[in-house]
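Using the hints, position chain E against chain U.
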Amino acid sequence: MEEENIEPPKQVRIPKDPFTEQFQPLENDRLFSVVDATLKRPAQMAHELIHGTGWKAPLFLTLVLLFCLTVLGIIMGSFSGGAQFWAVPLKIVTGTVISALICMPSLYILLCLSGGGQSFPQVGRMLLLGLTLAGILFIGFVPVAWIFSQATESAVFMGVLYLLVWGIGLFFGLRLMKTALEFLNKRSLGTLNLWMFIFAMVLLQMSTTLRPIIGKSEPLKFNEKMFFMAHWSEALR
Amino acid sequence: MKKLLTRLPVLCRGDSSAISGWLDEQSWRWIAFCGLTIALGSGLYGATIGLWRAELMALYVAIKFPLLIFLTTFCNALLNWMLALMIGAGITFRQTLLAQLMGFTVASLILAAVAPITLFILFNTPSLESGDTFGHSFFMLINVGILGVAGLVANGRLYRFLLLQTGNRALARKVLVAWLAGNLLVGAQLSWNLRPFIGAPHLEVQFLRPNPFEGNFYETVFRAAKRIVEEAAP
Numbered sequence: 001m002e003e004e005n006i007e008p009p010k011q012v013r014i015p016k017d018p019f020t021e022q023f024q025p026l027e028n029d030r031l032f033s034v035v036d037a038t039l040k041r042p043a044q045m046a047h048e049l050i051h052g053t054g055w056k057a058p059l060f061l062t063l064v065l066l067f068c069l070t071v072l073g074i075i076m077g078s079f080s081g082g083a084q085f086w087a088v089p090l091k092i093v094t095g096t097v098i099s100a101l102i103c104m105p106s107l108y109i110l111l112c113l114s115g116g117g118q119s120f121p122q123v124g125r126m127l128l129l130g131l132t133l134a135g136i137l138f139i140g141f142v143p144v145a146w147i148f149s150q151a152t153e154s155a156v157f158m159g160v161l162y163l164l165v166w167g168i169g170l171f172f173g174l175r176l177m178k179t180a181l182e183f184l185n186k187r188s189l190g191t192l193n194l195w196m197f198i199f200a201m202v203l204l205q206m207s208t209t210l211r212p213i214i215g216k217s218e219p220l221k222f223n224e225k226m227f228f229m230a231h232w233s234e235a236l237r
Numbered sequence: 238m239k240k241l242l243t244r245l246p247v248l249c250r251g252d253s254s255a256i257s258g259w260l261d262e263q264s265w266r267w268i269a270f271c272g273l274t275i276a277l278g279s280g281l282y283g284a285t286i287g288l289w290r291a292e293l294m295a296l297y298v299a300i301k302f303p304l305l306i307f308l309t310t311f312c313n314a315l316l317n318w319m320l321a322l323m324i325g326a327g328i329t330f331r332q333t334l335l336a337q338l339m340g341f342t343v344a345s346l347i348l349a350a351v352a353p354i355t356l357f358i359l360f361n362t363p364s365l366e367s368g369d370t371f372g373h374s375f376f377m378l379i380n381v382g383i384l385g386v387a388g389l390v391a392n393g394r395l396y397r398f399l400l401l402q403t404g405n406r407a408l409a410r411k412v413l414v415a416w417l418a419g420n421l422l423v424g425a426q427l428s429w430n431l432r433p434f435i436g437a438p439h440l441e442v443q444f445l446r447p448n449p450f451e452g453n454f455y456e457t458v459f460r461a462a463k464r465i466v467e468e469a470a471p
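Heads up: the sequence lines are chains U and E, in that order. Here the first sequence is numbered in this note's numbering, starting from 1 and rising by one per residue. Here the second sequence is numbered in this note's numbering, starting from 238 and rising by one per residue.
Excised from the complex, chain U in its bound form (with noise of 0.2 Å):
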């Protein structure tokens, strides 16, 4: 009997985790090389925050962070126009880092309790990308957003549209941090998901503190206390 000619089977590259094919420093600390970076290769950021010494990066990803926050806040202004011009940009960068700053030390004792290694000033770089990534994707969603902003004049469908935007950006961004943070302490980090509930249910409730934020300008209302959703079914009726 003839013996059939079987090709031996072709070696198949199995790709590895590209977090960890990526990981590794980066070529050069410039603006836009670090803005390249945080989107297409976020691990070598990673490196860069963990295990690099200098102060470029940090500080030009909270430029870019504040930047694209500023950005975001005009166009959700541009809705009502005249004071809210000013006002939503300084509403969405102070409400934003305020929220950062509560989350914080929850953050690092969660990570903690988890088993992770990483020091507090570490765990808030990781946070900063995280935040920066969403703030860039925002960037992406302005000139979509604009439009709706020019074409509607229902403050419920801005509000939800932003919302949306808002949810996109973070779920991306706050998914780096976790990946980051798993592959730096080599672990399944399943608690940051609940620090990820708290810190979006805390960035919705600064939404119904800083009000109002699409609507028309108003003196803050910090006196009149509400929850957000008691704020959203009031917008809703």
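No lab work stands behind these hints, which were simulated from the structure alone. Nothing here was measured: the structure is a model prediction, and the numbers come from that model. A portion of the hints provided could be inaccurate.
[As the list claims (entries may be wrong)] Once the Cα atoms are required to be at most 20 Å apart in a straight line, the calculated SDA-like pairs of lysine to any residue come out as:
| no. | chain 1 | residue 1 | chain 2 | residue 2 |
| --- | --- | --- | --- | --- |
| 1 | U | Lys-225 | E | Ile-379 |
| 2 | U | Lys-225 | E | Phe-360 |
| 3 | U | Lys-178 | E | Pro-246 |
| 4 | E | Lys-240 | U | Phe-120 |
| 5 | U | Lys-40 | U | Phe-60 |
| 6 | U | Lys-225 | E | Pro-363 |
| 7 | E | Lys-239 | U | Pro-105 |
| 8 | E | Lys-240 | E | Arg-250 |
| 9 | E | Lys-411 | E | Leu-400 |
| 10 | E | Lys-240 | E | Leu-277 |
| 11 | U | Lys-221 | E | Leu-356 |
| 12 | U | Lys-221 | U | Gly-82 |
[Said to hold, decoys possible] Not close to chain E: a few residues of chain U, all C-beta gaps over 12 Å, as computed:
| no. | residue |
| --- | --- |
| 13 | Phe-23 |
| 14 | Asp-29 |
| 15 | Ile-136 |
| 16 | Ile-139 |
| 17 | Glu-182 |
Glycine included, C-beta positions come from ideal geometry on N, C-alpha and C.
Just chain E now, with coordinates in the frame of chain U:
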């Protein structure tokens, strides 16, 4: 001090090899440091609870919350040590005290870490005087949830410490259950004696009620349950 401070993240991570060494240490500095962390961490969280009622109440609860932890720990220390011995854990009095204090230290660190969030919730909650019942219920529920999670995690860590010392899961579990039962029994009564922690809006702000030793926690719960049954009966 700095060296002791670096132990806190290690304690939260539950690093067995390091913690095992601390349990065998003879110095009292680590015990004192755990006490200080409990005082600051739980005090900070207590202040956010009390602040809901009034500024003065924040100060009172910042003192009473750590006091409740310390009184529970020290009142039960001897009993817990004896229980551990009877169960066969073979741990010293010092190790018993330290294991419990380390458990409460983890809980206090969690409470301190969430204190900014509870403060933010408080800032957005209608005051007690406004008569808004949703705000009242929501804030209570959030705090019960936070305390529950902190307690669960702390007891999980306490179980690990016991496992380190005894090297036997069943033994460690028995000791933990015995300690929990004792702490719950005494802790609930002490919280009754140290009341109010928030206080009803129509009652004045006080460090302790004029009759702190009148009645007890369990009698009150029993009377409340009896009242519910009587009201529900046709």
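Evaluated hints:
no., hint, verdict
1, U:Lys-225 / E:Ile-379, "17 Å, holds"
2, U:Lys-225 / E:Phe-360, "8 Å, holds"
3, U:Lys-178 / E:Pro-246, "19 Å, holds"
4, E:Lys-240 / U:Phe-120, "16 Å, holds"
5, U:Lys-40 / U:Phe-60, "16 Å, holds"
6, U:Lys-225 / E:Pro-363, "5 Å, holds"
7, E:Lys-239 / U:Pro-105, "19 Å, holds"
8, E:Lys-240 / E:Arg-250, "16 Å, holds"
9, E:Lys-411 / E:Leu-400, "11 Å, holds"
10, E:Lys-240 / E:Leu-277, "18 Å, holds"
11, U:Lys-221 / E:Leu-356, "18 Å, holds"
12, U:Lys-221 / U:Gly-82, "19 Å, holds"
13, Phe-23, "22 Å, holds"
14, Asp-29, "29 Å, holds"
15, Ile-136, "27 Å, holds"
16, Ile-139, "28 Å, holds"
17, Glu-182, "15 Å, holds"
Violated hints are absent here; each numbered hint is respected by the structure.
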